[in-house]
Every structure is written in structure tokens, then in C-alpha cells.
Amino acid sequence: MEKITLTSQLLQYLITGLTVGSVYAMVAVGFNIIYNVTEIINFAQGEFVMLGGLIMVFFHVSMGLPLILAFPTTIVLVTVIGILIDRFAIRPIRRPSVLTLIIATIAVSIIIKGTASFIWGKDPFDLPAFSGRDPINFLGAVVQPQYFWVIGFLIITAIALSIFFDRTIIGKAMSACADNPDAASLVGINVKQMILLSFALSAAIGAVAGITITPISLMEYDRGAMLAVKGFAAAILGGLGSFPGAILGGLIMGSIESFGAGLVSSGYKDAFALIVLLVVLFFKPSGLMGSIEISKIKRF
Amino acid sequence: MSADMDENVLELQGVVMTFGGLMALSDLDFKVRRGMIKAIIGPNGAGKTTLFNVITGSFPPTQGTVTFNGRPIQHLKAHKIADRGISRTFQTVELFGNMTVLENVMLGCYTRIRTSFIASGFVLPQARRKEKQIRENALKILKFIGLAHKFKDPADTLPLGEQKLLEIGRALASEPELICLDEPAAGLNETETYVASSLIKAINAKGTTVLLVEHDMKVVMNISDEILVLNYGQKIAEGLPEEIRNSPRVIEAYLGAEA
Amino acid sequence: MLRIAKIPIAVFALFILVFPWMACQIPAIEHYPDIMVFAGIYCLITIGLSLLMGYAGQISIGHAAFFGIGAYISGILTVNYGMNPWACMGIGMAVTAVVAALVGTPSLKLKGHYLAMATLAFGIIVFIIFNEETQWTGGPDGMSGIPGLSLFGFEFDSVERYYYLVWGIVIAAFIFTVNVIQSGTGRALRAIHASESAAGAMGVDVARFKILVFVYSAVLASLAGSFYAHYLNFINPATFDLFFSIKLLIMIALGGMHNIWGAIVGTGLITFLSNEWLQYFEEFEVIVYGAILLFVTVILPEGLAGVPGIVKGWFRR
Numbered sequence: 033m034e035k036i037t038l039t040s041q042l043l044q045y046l047i048t049g050l051t052v053g054s055v056y057a058m059v060a061v062g063f064n065i066i067y068n069v070t071e072i073i074n075f076a077q078g079e080f081v082m083l084g085g086l087i088m089v090f091f092h093v094s095m096g097l098p099l100i101l102a103f104p105t106t107i108v109l110v111t112v113i114g115i116l117i118d119r120f121a122i123r124p125i126r127r128p129s130v131l132t133l134i135i136a137t138i139a140v141s142i143i144i145k146g147t148a149s150f151i152w153g154k155d156p157f158d159l160p161a162f163s164g165r166d167p168i169n170f171l172g173a174v175v176q177p178q179y180f181w182v183i184g185f186l187i188i189t190a191i192a193l194s195i196f197f198d199r200t201i202i203g204k205a206m207s208a209c210a211d212n213p214d215a216a217s218l219v220g221i222n223v224k225q226m227i228l229l230s231f232a233l234s235a236a237i238g239a240v241a242g243i244t245i246t247p248i249s250l251m252e253y254d255r256g257a258m259l260a261v262k263g264f265a266a267a268i269l270g271g272l273g274s275f276p277g278a279i280l281g282g283l284i285m286g287s288i289e290s291f292g293a294g295l296v297s298s299g300y301k302d303a304f305a306l307i308v309l310l311v312v313l314f315f316k317p318s319g320l321m322g323s324i325e326i327s328k329i330k331r332f
Numbered sequence: 008m009s010a011d012m013d014e015n016v017l018e019l020q021g022v023v024m025t026f027g028g029l030m031a032l033s034d035l036d037f038k039v040r041r042g043m044i045k046a047i048i049g050p051n052g053a054g055k056t057t058l059f060n061v062i063t064g065s066f067p068p069t070q071g072t073v074t075f076n077g078r079p080i081q082h083l084k085a086h087k088i089a090d091r092g093i094s095r096t097f098q099t100v101e102l103f104g105n106m107t108v109l110e111n112v113m114l115g116c117y118t119r120i121r122t123s124f125i126a127s128g129f130v131l132p133q134a135r136r137k138e139k140q141i142r143e144n145a146l147k148i149l150k151f152i153g154l155a156h157k158f159k160d161p162a163d164t165l166p167l168g169e170q171k172l173l174e175i176g177r178a179l180a181s182e183p184e185l186i187c188l189d190e191p192a193a194g195l196n197e198t199e200t201y202v203a204s205s206l207i208k209a210i211n212a213k214g215t216t217v218l219l220v221e222h223d224m225k226v227v228m229n230i231s232d233e234i235l236v237l238n239y240g241q242k243i244a245e246g247l248p249e250e251i252r253n254s255p256r257v258i259e260a261y262l263g264a265e266a
Numbered sequence: 188m189l190r191i192a193k194i195p196i197a198v199f200a201l202f203i204l205v206f207p208w209m210a211c212q213i214p215a216i217e218h219y220p221d222i223m224v225f226a227g228i229y230c231l232i233t234i235g236l237s238l239l240m241g242y243a244g245q246i247s248i249g250h251a252a253f254f255g256i257g258a259y260i261s262g263i264l265t266v267n268y269g270m271n272p273w274a275c276m277g278i279g280m281a282v283t284a285v286v287a288a289l290v291g292t293p294s295l296k297l298k299g300h301y302l303a304m305a306t307l308a309f310g311i312i313v314f315i316i317f318n319e320e321t322q323w324t325g326g327p328d329g330m331s332g333i334p335g336l337s338l339f340g341f342e343f344d345s346v347e348r349y350y351y352l353v354w355g356i357v358i359a360a361f362i363f364t365v366n367v368i369q370s371g372t373g374r375a376l377r378a379i380h381a382s383e384s385a386a387g388a389m390g391v392d393v394a395r396f397k398i399l400v401f402v403y404s405a406v407l408a409s410l411a412g413s414f415y416a417h418y419l420n421f422i423n424p425a426t427f428d429l430f431f432s433i434k435l436l437i438m439i440a441l442g443g444m445h446n447i448w449g450a451i452v453g454t455g456l457i458t459f460l461s462n463e464w465l466q467y468f469e470e471f472e473v474i475v476y477g478a479i480l481l482f483v484t485v486i487l488p489e490g491l492a493g494v495p496g497i498v499k500g501w502f503r504r
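Going line by line, the protein sequences match chains A, B and C.
Going by my numbering, the first sequence opens with residue 33, and the numbers climb by one from there.
Going by my numbering, the second sequence opens with residue 8, and the numbers climb by one from there.
Going by my numbering, the third sequence opens with residue 188, and the numbers climb by one from there.
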């Protein structure tokens, strides 16, 4: 009897970990999209998730728009914000250096955070679950259906991006920019547009993550920073620039956090991801799927 | 240690350098005699700058030994090798653009005259004296290389020809036994090239051993005592300038590339 | 020659000396010396940070941690063990030096975003520890009853006395740091910023220097933390969060990262914004900081210190 309970408990942790990890994976993928095209680490990446959640609350709860309408509307709005960031915070920088760009995206992240706190206040908000909250019994673990929505959207996102980068012209153009911006512009690719597109895409993915996770963990104005750090940790764990790595990194990171919180200490929950980040940075900065030479092969 | 110094200032034995799958240097053996000017030439990609990087400690060789004054240095970091008495310039000028011409050369004195963090902060008398000494040494060098009149200028405002001279001056400030010059004439016009090679000859006349990588054959033929030819990371010829000029192997290696 | 003139320092010291008296004369700014105490405490941190970021070219987004370590060690040792506050300051600095060396050694091998993220992660981990180790730190509710400072019976129990104490130390640290900048050591740091490979080739032990400056800036932050604890007599983890590390960044960026005076000017302005001028606009405070940081990054990369140069440029045309 006891053994079954332990197994189902562990399974519970695993599913929670994969769910939370899916969010980290999506943030990590967002980091990689921008990084691949621009070599910028966008500290504001977590804010897209936060905005996705809160703006969805506005459209779906405050304004009463049905889910099917509110979802895409939210994504569009967050995407626009992503475009504004590129246009007004990144592009105007005259002499971009690593430090300047880091600071610029930090500045953007706190402007967004401050604005969110001004508009929504400091309380957390809830969203109704997409398909209700009746728990499903899955191999002995009791799981809310929303968990599967989150994981499901990660899979959809992964497939969509894969098709986009491998099969569409624009996607291939973006990959070309990542590889060699000079050569890319010589063959007529508008590198500035590609950068814009990378911000737009990252914002959209972040929004999806925020919308799907809010029914589970609520959303408040200052969640962005920790999400960004953990998402970055996931991206580094998987190998910066690698999309499969980002997904793997996210899922692993989420699982470590979930098991750590459940088995070791829930107070230090956030610290697990950070410790993993430091360990990776100190001992193998190229991550699981990267190596300094292979870091050229960054896409699907 | 015996009173007479080693005849060879620098000696490489069996040096191999591989990056991943690429072998940049293979089985390199050569010596540099004290007081000579030795040039390393070869087509682009032959491994010349990699060789410099190994000698000056940017990275250790995959195999082999580098000996300086009889002591192995291949495992030492760059700053330790600088302390031992090897100085260098870079293929693309690496001046400290955030400092003045004088300050660049003053930094060159770092291996010889240093003050600790604490002594600097409290400006102890010894620190003040040392700083004065550094300044004098640096000004002397600037006079030697002909840039004394620009000592206050930010280093990155100098034209390329003078930047290259400054980099040599900075390398001289540590009073090195061996100075490694990576393409000192690259990008220079005829007058600037003449000034640079005169400077190199003057440096050598004062007793410093010179090892240089260079593409400009006129310069090489003009000032070198000995030439070593590299191709695909291997030594294909070594000897006096006339021998190298007439060597069929060398000519073959350069066929298709500019001479 | 990077000559940082001595006369402005003397003028500034004079200003600091007479400021409390001046403030007393004008009721509207009577309380300004209190704000200046905080400004001074933060300046201790930003002076070191300016050396680290502006001159040596490294990044740290986790310095709130060192500020907090100093504060908590002072707090814990004086409250729980009744130790002499000055001795505790020293212990705090020593512990911080060790922590900074341990964290700095692997971190400073990293560059750019990796270094930024490593310091950020470190800062947050320390923050979490402050919140979780309740039996030592009092947890989120903080720790109170931290004694004030006194020396041979002379109590620093008024704003004025504490003001002079803190600013005396700040000016001393400032002069020390200026001396370092103008010395061969300072040259070595600036060389590292310009080209690590060339600096190494000229005999500079780049790795060791980076750690040295990192530790120096951490130790100053720890000292600041101790002064903070003994001034407020109360500390809680919220003070030492990620946002404070970012605020430090804003202070330096606003003043001008490549200029040590920038640290003082930027810190002063942000402290007054924070404690005084933005008090009624609390909701906008965060947005204002973000806007300032963005403005400085995009429009004024050299911060306020770059303004004279820009104005000179206009006149030249």
C-alpha cells in the first residue's frame, strides 16, 4: 500500500515539474529565438509571460470575451509590446555592447513591471481553467486538466516553430541571420525586420505560457523576473541557442524544482533552479546539447 | 646556472597544436639564437599567429615543449611568460583605446614595476616613486619610437602606422629579452613600413632578440638574420634569406598566393 | 593622464561639512541630512561598483547580497551575542571577502550575459537565504533591536553625528579609490577593460585582478550594510532584493559608469528620488527608475558625466 502512495506522490511531483517546466521551456525558447538572431539576452522575456496572464485576465474575465477570442487577442497585444521593445529600446542604441543591451532589457523589464503594478495592482489574479477543474486520475496521480493544456501547448509550440524555421521562407531567413547577418543582408534579407520578428515571436510564445499557466498558479505583476532567470537557466542548461536544448532544459529544470520543493524544502523552491544555473555556468556553460563547436547548429 | 647564457633564447621541440579536428601546428622544431632577428613567413592560414599564441601563452600546445632561456614555459599563462621576458604585439592592433599614448606604454612597464592595491590606494611613498619611474621610462620609450609629442593623445586617435609603433613601444617597456612582433608592417604604406623596420633594427641593435611574423617580403629580406617558412602548420624551410629566396619548396608553397 | 583633480574633492568635502548646517536654516529641507545618510551608505557601495563595472569592465547584478551580508552579520552578532559593533563590522567585511572570492573566482571567468546572470543568481540565492533562515535572520519580518554605534563613549545617536561618521568614511573610500584609479593598478584595471588579451600579454594577471576588484567592491558593500543596520536599528530581507541590485546599477548608469564621480552624483540623485521626491508618486516609482535607466542607456550612455562633453561638442560646431 505504502509503495503505491510513494510512487503516485513522485508521479505527482513529476507531472507538476513537467507542467512548470513547460513554462520554463517556453521562456527558454523565447530567449533562444532572440539570442539566435541578435546575440542579445532579453531580460524582459519573463514579462511577456506575466503580461500574457494579466492581459488575458483583462480580456476574458474583466471584459468577458470568450476564451476563443480572448486568447489570440492577448497574444496579439503582447506581441505588439514585444515589437515596441525592439523598436524603442533596442534599435535606437547607437553603440550596442553586451553590457548596454543587458541594461536596456533590464530597464524595459522594470518599466513593464512598474506599469503592470500600476494597472493591476499587486494582488494575484486567477483565470478559469480551459476545460474545468475536475481532477483527472492519471496512473495514480491526481492531476488537474489544465496541466495537460500547458504541456500540450508546449508541444504545439515546438512543432509550430519547427515547421516555421525549417519549412517557411521567413523562418529560414531568420536562421540565416543567426548564422551570418552580413551574408544574410547581402542576399537581401532585411536583418532589422528579422530582429523585430524575433522579438514578436518571443513575445507571443511568452504570452502563451502566461495564459496557460495562470489558471494553475495565478499571476501577479512581479512574476516576470524569476521566470526570466529560471527560463534563462533552462536555456543555458540545454545549451544557449538550441531549441531542443531549451525544451529539455525547461522540463528538467521544472522537475528539479518540483522534486526539490516536495522532497527537500519548499521554502527554497526558487533556489534550486538558481543553483542549477550556477553549476552549469561554472562547470559546463555550453550546456547539455551545446558544445563550443556545435553551438553553430542552433535550430530545429 | 653557468655564467654563459644559453646560445638559444627560445627553443621549440615537437610542438603540435590541434583545435578539435584541425591540426594548426604539427611537429614544429626550431631555435632562436640570442640577439638575432628571425622571421616566420608562410601563406595565409599557415599557422603563424597560432605559433605566436602558443609561444606567448595564450594557450598551451597540445604536445611539445617551448623553452625560454633553458626553462620550459609551454604550460605557463600569458602574464607569467611576460614576466619571464617575452613581449609581443598583435596582428590586429590591441592597444588600450581607453587610455592615452603615454598610459599605454606605462602599462607596458607593469611586469617590471608594480605596486600593490593597498599601496596604490594609500599612495605610499614607494608607490609615488615607482609611478614617477614608470612615467620616466615610458617617456624615454616614446622618444625612442618618435611619438613623444603625442603622449597625451588618446591611443585610439592615432593613425594606424603610429598605432603599430605605439604597440611596439608598449612591448618594449617591459625590457624584454625576446620580442614577438605579429605582422608589424601589415596595413602600412611605404614610409610607415620604412619607419617600422628601422625601429625593429634599432631594437635589435640594443640587444633584444626579435621574432617576427610578416608578409611583406621586402621587410623580411631586408632585416632578418634567418627565416623560417611555415605551411599548413609545418616547417618547410629554414635558413638564411638568400637560401629561402631561392628555395623551390618555398616558391611552390607560395604559388598562387601573393609573394 | 587620467588625473582626477584633488580640488573638486576638497570642495565636495567642504560641501559635505557645511550641508547639515545649511539644511537647518531652511525648514523645507531640514530632514535632508537624514536622506544624505542613506545616500552616503549607498555611495559606499556604488564607489566600489563603479570601479568594478566602469573601470574594470565587469558586471554585477547581485551586489545587494553583499550589502545584506554585512547588515545581517552586524545585526546577528550584536543582537544575539552582544559583540562590539565595530568588531562585527570587521567580521562582516572578512566574511564578505571570503564569500566574494568564492563566488567571484568561477564567475569572473565568465563574460557578458553569463557573468551578469551568475551574479544575479547569486544575489537571489542570498536573498532567499535571508528570508528562509528565520532562526538567524528573523525571516521576512526582519530583525530589530540592532544597537547604534558609539566610540569611546561618544554616541552616534543623532542624525548629524551619524551623517559625519558615514560621510567621513565615504570620502576616505572615495579618495582611496581615486588613488587606485590613478595608479599603475588602476591602469592595469583599465587595460583589462580595453583588452584582456593585451593586458595579459603585458604581464597583468587578469583573473586575479578581477577577483581583487570584485572583493573590494563587495567589502565596501558589506561595510555599507553594517552602517545601514546600525542606523535604522532594523533590517529585513526586502531591502536586499534583486530590485536593489538593479537600483545600484541605475545609480551608476545615471551618474556615468566610466567616471568615479558619477557614482556619487547618480547615487545622490536616485536616493533623493527614492526617499523624497517620488514619495507621493509611489506607484510610478518603479516606472520612473526604468525610464531613467532606459533613457541613460539609449540617449546618454556616459550618464550625466558625459553631459559636459556633449555640450562642448555643440559649441565646437
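Please keep in mind that the hints were generated in silico from the structure rather than gathered at the bench.
The C-beta atom is built at its ideal place from N, Cα and C for all residues, glycine as well.
Just to be clear, a hint being listed does not mean it is correct.
Simulated restraints, written as ranges between beta carbons of each label pair [to be verified]:
1. ASP163(B) <-> GLU320(C): 46 to 52 Å
2. SER331(C) <-> PRO124(A): 45 to 51 Å
3. SER331(C) <-> ILE100(A): 31 to 37 Å
4. GLU320(C) <-> LEU42(A): 27 to 33 Å
5. HIS218(C) <-> LEU42(A): 56 to 62 Å
6. GLY335(C) <-> PRO128(A): 14 to 20 Å
7. ILE115(A) <-> GLY153(B): 51 to 57 Å
8. PRO293(C) <-> THR99(B): 29 to 35 Å
9. ALA281(C) <-> PHE291(A): 58 to 64 Å
10. ASP163(B) <-> ILE115(A): 32 to 38 Å
11. PHE66(B) <-> ILE168(A): 42 to 48 Å
Simulated pairs of lysine to any residue, SDA-like, Cα-Cα distance not exceeding 25 Å [what the hints assert, rightly or not]:
12. LYS87(B) <-> GLY28(B)
13. LYS84(B) <-> PHE502(C)
14. LYS159(B) <-> VAL286(C)
15. LYS159(B) <-> GLY326(C)
16. LYS213(B) <-> ASP163(B)
17. LYS137(B) <-> ALA192(C)
18. LYS84(B) <-> LYS154(A)
19. LYS137(B) <-> GLN369(C)
20. LYS84(B) <-> PRO195(C)
21. LYS193(C) <-> GLU138(B)
22. LYS159(B) <-> PRO293(C)
23. LYS193(C) <-> SER65(B)
24. LYS154(A) <-> GLY496(C)
25. LYS159(B) <-> GLU470(C)
26. LYS316(A) <-> GLY28(B)
27. LYS316(A) <-> ASP163(B)
28. LYS154(A) <-> GLU470(C)
29. LYS147(B) <-> ARG78(B)
30. LYS139(B) <-> VAL286(C)
31. LYS87(B) <-> PRO293(C)
32. LYS316(A) <-> VAL286(C)
33. LYS157(B) <-> GLY496(C)
34. LYS224(A) <-> LEU487(C)
Simulated coverage check for chain C against chain A, where a stretch passes if three residues somewhere in it have a Cβ under 8 Å from a Cβ of chain A [as the list claims (entries may be wrong)]:
35. 192-203
36. 295-302
37. 307-313
38. 464-473
Hints, verified against the model:
Range check, ASP163(B) to GLU320(C): about 50 Å between beta-carbon atoms, so the 46 to 52 Å window is met. Taken as a hint, the range 45 to 51 Å holds for the pair SER331(C) and PRO124(A), whose Cβ atoms sit roughly 47 Å apart. The beta-carbon spacing between SER331(C) and ILE100(A), approximately 54 Å, falls outside the hinted interval of 31 to 37 Å. Our hint of 27 to 33 Å for GLU320(C) and LEU42(A) holds, since their Cβ atoms are close to 28 Å apart.
One distance hint, 56 to 62 Å for the beta-carbon pair HIS218(C) and LEU42(A), holds here, with the actual separation near 58 Å. In this structure the supplied range 14 to 20 Å is violated for GLY335(C) paired with PRO128(A), their Cβ-Cβ distance being about 48 Å. Distance hint check for ILE115(A) and GLY153(B): the Cβ-Cβ separation is about 55 Å, which falls inside the suggested range of 51 to 57 Å. For the pair PRO293(C) and THR99(B), the supplied restraint of 29 to 35 Å holds, since their beta-carbon distance comes to about 30 Å.
Checked against the hint of 58 to 64 Å, the C-beta distance between ALA281(C) and PHE291(A) comes to roughly 37 Å, which is inconsistent with it. Here the CB-CB span from ASP163(B) to ILE115(A) is close to 36 Å, well matched to the stated 32 to 38 Å. Range check, PHE66(B) to ILE168(A): about 56 Å between beta-carbon atoms, so the 42 to 48 Å window is missed. Pair hint LYS87(B) plus GLY28(B) does not hold up; C-alpha atoms about 29 Å apart against a cutoff of 25 Å.
Under the criterion of a C-alpha separation no larger than 25 Å, the hint pairing LYS84(B) with PHE502(C) is inconsistent with the structure, at around 49 Å. Note on LYS159(B) and VAL286(C): the hinted pairing is violated, with a Cα-Cα distance of about 41 Å set against a maximum of 25 Å. Restraint check for LYS159(B) and GLY326(C): not satisfied, since their Cα atoms lie roughly 55 Å apart, outside the 25 Å limit. The straight-line distance between the Cα atoms of LYS213(B) and ASP163(B) is roughly 29 Å, outside the 25 Å bound, and the hint therefore fails.
Only pairs whose Cα atoms come within 25 Å are accepted, and LYS137(B) paired with ALA192(C) is accepted, the gap being roughly 20 Å. Our distance criterion of 25 Å between C-alpha atoms is broken by LYS84(B) and LYS154(A), whose separation comes to about 53 Å. Using a Cα cut-off of 25 Å, the hinted pair LYS137(B) and GLN369(C) holds, with the two alpha carbons roughly 13 Å apart. A hinted pair counts as satisfied when its Cα atoms are at most 25 Å apart, and LYS84(B) with PRO195(C) does not qualify at roughly 42 Å.
Between LYS193(C) and GLU138(B) the CA atoms are separated by roughly 18 Å; this keeps the pair inside 25 Å, and the hint holds. Restraint check for LYS159(B) and PRO293(C): the C-alpha separation of about 38 Å exceeds 25 Å, so the hint is violated. With a C-alpha separation of about 40 Å, the suggested pair LYS193(C) and SER65(B) falls outside the 25 Å cut-off, and the hint is violated. Of the supplied pair hints, the one linking LYS154(A) and GLY496(C) is violated, its CA atoms being roughly 42 Å apart against a limit of 25 Å.
Restraint check for LYS159(B) and GLU470(C): the C-alpha separation of about 49 Å exceeds 25 Å, so the hint is violated. The hinted pair formed by LYS316(A) and GLY28(B) meets the criterion: a straight-line CA distance of about 21 Å does not exceed 25 Å. A distance of roughly 36 Å separates the Cα atoms of LYS316(A) and ASP163(B); the hinted pair therefore is violated under the 25 Å criterion. About 10 Å separates the Cα atoms of LYS154(A) and GLU470(C), which keeps this hinted pair within 25 Å; it holds.
For the hint linking LYS147(B) to ARG78(B), the alpha-carbon distance of about 31 Å lies beyond 25 Å, and the restraint is violated. Distance check on the hinted pair: LYS139(B) and VAL286(C) sit about 36 Å apart at the alpha-carbon level, beyond 25 Å; violated. Straight-line distance between C-alpha atoms of LYS87(B) and PRO293(C) comes to about 21 Å, which keeps the hinted pair within the 25 Å bound. Annotation: proposed proximity of LYS316(A) to VAL286(C) holds, straight-line Cα distance about 22 Å (limit 25 Å).
For a cut-off of 25 Å, the pair hint linking LYS157(B) to GLY496(C) stands: about 21 Å separates their Cα positions. For the suggested pair LYS224(A) and LEU487(C), the alpha carbons sit about 23 Å apart, so the restraint of at most 25 Å is met. Only when three residues or more bring their CB closer than 8 Å to a CB of chain A does the claim for the region 192-203 of chain C stand; here the count is 0, and the claim is violated. Against chain A, the region 295-302 of chain C contributes 5 residues with a C-beta closer than 8 Å to a partner C-beta. That satisfies the three-residue criterion, and the hint holds.
Three residues within the 8 Å Cβ limit are the bar, and the region 307-313 of chain C against chain A gives 5, so the coverage statement holds. Only when three residues or more bring their CB closer than 8 Å to a CB of chain A does the claim for the region 464-473 of chain C stand; here the count is 4, and the claim holds.
Violated hints for the displayed structure, listed by number in ascending order: 3, 6, 9, 11, 12, 13, 14, 15, 16, 18, 20, 22, 23, 24, 25, 27, 29, 30 and 35.
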